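If you read the protein sequences in the order shown, they are chains A and B.
All letters in the first sequence, in the order written, are residues 0 to 601 by numbering that gives the first Met the number 0.
All letters in the second sequence, in the order written, are residues 0 to 116 by numbering that gives the first Met the number 0.
It should be emphasised that the hints constitute simulated quantities derived from the structure, not laboratory data.
Take the hints with a grain of salt, since some may be wrong.
As the list claims (entries may be wrong) - Derived lysine to any residue pairs resembling SDA-like cross-links, with alpha carbons at most 25 angstroms apart:
hint, chain 1, residue 1, chain 2, residue 2
1, A, Lys528, B, Ser109
2, B, Lys35, A, Gln63
3, A, Lys338, B, Lys39
4, A, Lys460, B, Glu82
5, A, Lys163, A, Trp211
6, A, Lys528, B, Gly114
7, B, Lys39, B, Leu112
8, A, Lys522, B, Asp65
9, A, Lys460, B, Glu98
10, A, Lys60, B, Pro25
11, A, Lys522, B, Asp23
12, A, Lys522, B, Pro25
13, A, Lys460, B, Ser63
14, A, Lys60, B, Asp101
15, A, Lys60, B, Ala28
16, A, Lys528, B, Glu104
17, B, Lys35, A, Thr70
18, B, Lys39, A, Lys519
19, A, Lys460, B, Gly94
20, A, Lys545, B, Cys53
21, B, Lys35, A, Trp66
22, A, Lys528, B, Leu112
23, A, Lys519, A, Thr478
24, A, Lys60, B, Glu98
25, A, Lys60, B, Tyr64
26, B, Lys35, A, Thr67
27, A, Lys60, B, Val27
28, A, Lys169, B, Asp101
29, B, Lys39, A, Gly71
30, A, Lys96, B, Glu95
31, A, Lys522, B, Ala28
32, A, Lys251, B, Glu82
33, A, Lys528, B, Leu48
34, A, Lys460, B, Pro91
Unchecked claim - Quick look at which bits of chain A chain B covers, simulated, 3 or more residues with Cβ under 8 angstroms:
hint, segment
35, 401 to 414
36, 483 to 497
37, 505 to 518
These figures come from a predicted structure and were not determined experimentally.
Just so you know, even glycine gets a beta-carbon here, dropped at the ideal spot from N, CA and C.
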Amino acid sequence: MYKPLQSLAVLAACAVLPGAVIANDEVKSLTADANNWAIWGGDYAGTRYSELDQINAGNVKDLQVAWTFSTGVLRGHEGGPLVMGDTMYIHTPFPNKVFAINLADQTVKWSYEPKQNPDTIPVMCCDTVNRGLAFADGKVFLQQADTTLVALNADTGELVWSVKNGDPAKGETNTNAPVVINDKIVTGISGGEFGVRGFVVAYNIKDGSQAWKAYSTGPDDEMLIDPEKTTHLGQPVGGDSSLKTWEGDQWKIGGGTTWGWFTYDPETNLVYYGSGNPGTWNPVVRPGDNRWSMTLWARDADTGMAKWVYQMTPHDEWDYDGVNENILVDQEINGEMRKLLVHFDRNGFGYTLDRVTGELLVAEKYDPATNWASHIDMETGRPQVVAEYSTHQNGADVNSEGICPAALGSKDQQPAAYSPKTGLFYVPTNHVCMDYEPFEVEYVAGQPYVGATLSMYPAGKVTGDGSSNMGNFIAWDATKGEIVWSLPERFSVWSGALATAGDVVFYGTLEGHLKAVDSKTGKELYSFKTPSGIIGNVNTYTHDGKQYVAVLSGIGGWAGIGMAAGLEGDTEGLGAVGAYRKLSDYTQLGGVLTVFALPDGA
Amino acid sequence: MIQRPLVLGALAVLSVSAPAHANDFPTVARVEYVVKCMNKMGEQSYDTLYKCSCSLDHVAERMSYDDFAEASAFAMLRGTPGEKGGVFRDPPQAGEMREALDTAEAEARSKCLIGGS
Numbered sequence: 000m001y002k003p004l005q006s007l008a009v010l011a012a013c014a015v016l017p018g019a020v021i022a023n024d025e026v027k028s029l030t031a032d033a034n035n036w037a038i039w040g041g042d043y044a045g046t047r048y049s050e051l052d053q054i055n056a057g058n059v060k061d062l063q064v065a066w067t068f069s070t071g072v073l074r075g076h077e078g079g080p081l082v083m084g085d086t087m088y089i090h091t092p093f094p095n096k097v098f099a100i101n102l103a104d105q106t107v108k109w110s111y112e113p114k115q116n117p118d119t120i121p122v123m124c125c126d127t128v129n130r131g132l133a134f135a136d137g138k139v140f141l142q143q144a145d146t147t148l149v150a151l152n153a154d155t156g157e158l159v160w161s162v163k164n165g166d167p168a169k170g171e172t173n174t175n176a177p178v179v180i181n182d183k184i185v186t187g188i189s190g191g192e193f194g195v196r197g198f199v200v201a202y203n204i205k206d207g208s209q210a211w212k213a214y215s216t217g218p219d220d221e222m223l224i225d226p227e228k229t230t231h232l233g234q235p236v237g238g239d240s241s242l243k244t245w246e247g248d249q250w251k252i253g254g255g256t257t258w259g260w261f262t263y264d265p266e267t268n269l270v271y272y273g274s275g276n277p278g279t280w281n282p283v284v285r286p287g288d289n290r291w292s293m294t295l296w297a298r299d300a301d302t303g304m305a306k307w308v309y310q311m312t313p314h315d316e317w318d319y320d321g322v323n324e325n326i327l328v329d330q331e332i333n334g335e336m337r338k339l340l341v342h343f344d345r346n347g348f349g350y351t352l353d354r355v356t357g358e359l360l361v362a363e364k365y366d367p368a369t370n371w372a373s374h375i376d377m378e379t380g381r382p383q384v385v386a387e388y389s390t391h392q393n394g395a396d397v398n399s400e401g402i403c404p405a406a407l408g409s410k411d412q413q414p415a416a417y418s419p420k421t422g423l424f425y426v427p428t429n430h431v432c433m434d435y436e437p438f439e440v441e442y443v444a445g446q447p448y449v450g451a452t453l454s455m456y457p458a459g460k461v462t463g464d465g466s467s468n469m470g471n472f473i474a475w476d477a478t479k480g481e482i483v484w485s486l487p488e489r490f491s492v493w494s495g496a497l498a499t500a501g502d503v504v505f506y507g508t509l510e511g512h513l514k515a516v517d518s519k520t521g522k523e524l525y526s527f528k529t530p531s532g533i534i535g536n537v538n539t540y541t542h543d544g545k546q547y548v549a550v551l552s553g554i555g556g557w558a559g560i561g562m563a564a565g566l567e568g569d570t571e572g573l574g575a576v577g578a579y580r581k582l583s584d585y586t587q588l589g590g591v592l593t594v595f596a597l598p599d600g601a
Numbered sequence: 000m001i002q003r004p005l006v007l008g009a010l011a012v013l014s015v016s017a018p019a020h021a022n023d024f025p026t027v028a029r030v031e032y033v034v035k036c037m038n039k040m041g042e043q044s045y046d047t048l049y050k051c052s053c054s055l056d057h058v059a060e061r062m063s064y065d066d067f068a069e070a071s072a073f074a075m076l077r078g079t080p081g082e083k084g085g086v087f088r089d090p091p092q093a094g095e096m097r098e099a100l101d102t103a104e105a106e107a108r109s110k111c112l113i114g115g116s
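One chain only, chain B, in its complex shape:
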């Protein structure tokens, strides 16, 4: 007799429309985001610190940390070669999650005066 498996934890649901103000990023994730963002902007200065902190605040309001981690993984792993890489390209949520992150970051760029403003 097959025992009914005990399923623990919430099922991963496609909740790109996470509740606003989720703001549940751990400190490590916040610091990592800001440091990477500053490096991408070319220098570590107060200028980039303020803009990147602003960007993080915006993204963290738009997405839960778990969604952000999932979207970031989809974005990074998209080009994984070979048959296995298909799991990062083919599933419907791959594009949706990447798009949600792209949208949040585009809004953040505008709101935080990043790039050309």
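Only chain A is shown next, with the shape it has when bound in the complex:
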């Protein structure tokens, strides 16, 4: 079974065009140098692991703030900056500014601020975040909220080309970080709460022309699925694999958006990502498995053809988007080295698959509170849904209570890290459950297409263990599907983690603390309160031979929203506003990059 697939993969890798190799090799060599942080995940595999070890478990307690940079932008700051050589590139939420910082003196080399229609803001479901930039071929790539993908000259910030990836009037927006693979840049689309039909698209980095586009739902040719060759758990998916699982034309507003992270394996030339929830949260009105929403995808990076798919949550009833990152590692399972893909899904299960074949190897709960399914059937890959928590079986206008995890999942987009030294994954998690009540809703283009109300609370209310923490930061063994240690956090952990060769793991909290813990034991070694809540990803790099750790803070909150949306009155906006009068009193809500270093001689 494995041999033919592997030889296919080799063929695919050899088929790369000569001109295509340049950008790919550039990204590979940039990410191979640990002094840089050249891609969102540190490397194509998305491990968020750095070989740097000047800062280590012994001295991390001595960290000090080296410098800070205020972005001047409110709202949530997700993702993190890229660093190549002497330059750092920082992105912001809407209006999606980009700053190139000279690391020698922390001055701004250039900045870019697109003019975007503010009408984009209300059609972004979950704050106007942006998860970051890509770099290759002397260009910095930014996927703007209004769906414009721009290529900027990395030296000057001048616009080289731009292309429209969607239409905000239909609810299409963007939040994801694009990724450069070979001679193409791969990006996705947001808007699952607006009935958008998800897709992934690749543009040629030279000029922005479209190379391929692949939808998550619909006819096989539009999904770039080969009914005979594309597999689901080793079996060909067959013809009309998506169309058969929707009622009528529902696939056209089927969701399956692609706002998460992309990873890439140069050996197989496969790009990996997940698709989001099916259109409308009310499951009663969309019978069927709703393929291929909630699905992990492996596609050929040059052609877009799907090699394999795995649908984690058929017929979603809880909004467990499948978009979280897929981390690519080689580890031993049952005495055999395997090429693995590890994915912590919103649905509360940590999945380990063979990334070449799509074979499901491990699927276990990484938050023990997870209760909507008892387990994953390893033969069919299907979750065994517990009737009590089935919002479909309970029906519309019935409040299903005590479902774990809540709709935001046991983990959202904030990426985990992996240390090859410990063989463990470090996972920022939510520990939150919900009540969920679906209701009837009509689809109108550009209007929210949600169809459910929900209420959230700490998982301890359901498990009855007396705890009230809403998050945990865990170490996970993906070969066994086991939690190794777990640190309770008062809030959900929404920042991306970083692991280093210095045996330290970093993450941020919603109170605003940057924390460093021992990678083996989880013992807290350092904590520093940054200006605001952290939902950014921690990065590390060196400049002039010295290691730095950097993280964006800034989460928004109503004051920021009010200011950015141009609201002036004390009671306008999102309610509950009376306590605060002057928005300018709360400038700490703005984004700040805090950069840490050890004192000289430490």
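Given the coordinates of chain A, work out where chain B should sit on it, guided by the hints.
Relative to chain A, chain B alone:
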């Protein structure tokens, strides 16, 4: 076999009735509180410095720093839009923590002659 997870550190418990005189705010948090408070009062002067330092002393006696950080986060993030924002509005401790902070600050305003006194 699922290994029993090793739970490190104290579970976050709802302890808004923190021991009096906890007074464990780090210097950075104290300075940040006072500076923000002075800005809110409109100017940086000895007048506002004294009142805001007094306010901080009172809040730090009433709440542990961890509780203060949690309550402040709940207060700031209350209006976070979308589905995710529910985690700052819905949980029972969200209102309780905000209220504990509001109460401490109201007491501080009275005690420290802030606003109208």
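Structure-inconsistent hints, enumerated in ascending order: Structure breaks hints 1, 3, 6, 14, 18, 20, 22, 24, 28 and 30.
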